[in-house]
Amino acid sequence: MKIDKIGEWSEIKLEIIKEYAHALTTIMKNQSWCQGYAYIDAFSGLGVHISRKTGEFIKGSPLNALEIENPFTEYHYIDIDKEKTKVLSRLTHDIPNIKI
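Numbering of the sequence shown is given in our numbering, commencing with residue 1198 and proceeding in unit increments.
Please keep in mind that the hints were generated in silico from the structure rather than gathered at the bench. Ideal placement from N, C-alpha and C gives every residue a C-beta, glycine not left out.
Pair by pair, the computed Cβ-Cβ distance ranges are:
| # | residue 1 | residue 2 | range |
| --- | --- | --- | --- |
| 1 | E1271 | E1216 | 15 to 25 Å |
| 2 | F1240 | E1216 | 17 to 27 Å |
| 3 | K1199 | K1226 | 36 to 46 Å |
| 4 | D1201 | W1230 | 35 to 45 Å |
| 5 | R1249 | P1293 | 31 to 41 Å |
| 6 | K1202 | I1292 | 24 to 34 Å |
Throw the hints in and build the complete structure from the sequences for me.
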């Protein structure tokens, strides 16, 4: 399986998404009316990338979302590439509330 290589802008985007998700879940967990909140990634890929800059593996948004301090109550990962979703399924098989 070919792992996508990403550039600096994509790495920055991943950090922004991670920070936004952290802020969102921190706010939502304190709302008495909120019974839960879902993370939806319509272009999830396989969950990891390779940095063009360093050549190292980088966690993608699906795996970053799973590491948020105040977790989402459910996760929905979608990708048109079935091979990528199979890899993501293997990486996340032991985590509850995930639909791929």
